[in-house]
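Undergrad: One letter stands for each residue in the lines below.
There are 2 protein chains.
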Amino acid sequence: MSLYFPTDAECGHHHIFGSVAIRTYAGEKIQLSVVDIPADSCVEWHAHPNEQMGMIVSGQLRFEIGDEVKVLGPGELYFIPGGVRHRAKPVDGPVRALDVFYPIRDEYR
Amino acid sequence: MSLYFPTDAECGHHHIFGSVAIRTYAGEKIQLSVVDIPADSCVEWHAHPNEQMGMIVSGQLRFEIGDEVKVLGPGELYFIPGGVRHRAKPVDGPVRALDVFYPIRDEYR
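Chains A and B, in that order, give the protein sequences.
With the working numbering applied, the first sequence covers 1 to 109.
With the working numbering applied, the second sequence covers 1 to 109.
Be aware that one or more of the hints could be misleading.
[As the list claims (entries may be wrong)] Derived lysine-lysine pairs resembling DSSO-like cross-links, with alpha carbons at most 27 Å apart:
#1 A/K29 <-> B/K70
#2 A/K89 <-> B/K70
#3 B/K70 <-> B/K89
#4 B/K89 <-> A/K70
For the record, the hints were derived by calculation from the structure and aren't laboratory data.
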């Protein structure tokens, strides 16, 4: 078993908000979550105490954070301080994003 | 100015190990770094006390961490505990990866 290169089987696999699929891996203090949002699905309004940052990998995502809204494409970044509510919906076609959490969300392991 | 959607101008822009370009953004505790490695370039052996995790976005990267080595492709994850030396070299063509650091690396702001 590798210490540094997690296999798919060693990742956490969950569905959130219905059909949104996440693949997660926690290090010591930070946690990655590869998020796949089908075209007809969305991440509904929610908030958590954990800081969240991330980047769009593919697709176009309409992201609302607090009172702001922006359509993000590949390579664009976002920052969600702890406690700020947010939601996100694909604009046209599926979206993949990489989320990062601090501290680790145990329910996503 | 957005609180949550950093523009390119608000990101840090640095070159490391010669021609490896990074675009960084720090939140409160974690820091993102979008890394673009040209085909003929590499990230040389180094180590830092910061925990590092990340994902390959595009391309194929031969990643050595400690005593392990693996060629990673898009969507594959890596985890580098603080203090573990590592290096990386594209296999064929340029590579983009998203790195995450905890705590924030001030020299990358």
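Undergrad: Hint by hint, say whether it matches the structure.
TA: Hints and how they fare:
Of the pairs offered as hints, the one joining A/K29 and B/K70 holds, with about 23 Å between alpha carbons and a cut-off of 27 Å not exceeded. Annotation: proposed proximity of A/K89 to B/K70 is violated, straight-line Cα distance about 35 Å (limit 27 Å). At roughly 11 Å between alpha-carbon atoms, B/K70 and B/K89 fall within 27 Å of each other, so this suggested pair holds. For the suggested pair B/K89 and A/K70, the alpha carbons sit about 35 Å apart, so the restraint of at most 27 Å is broken.
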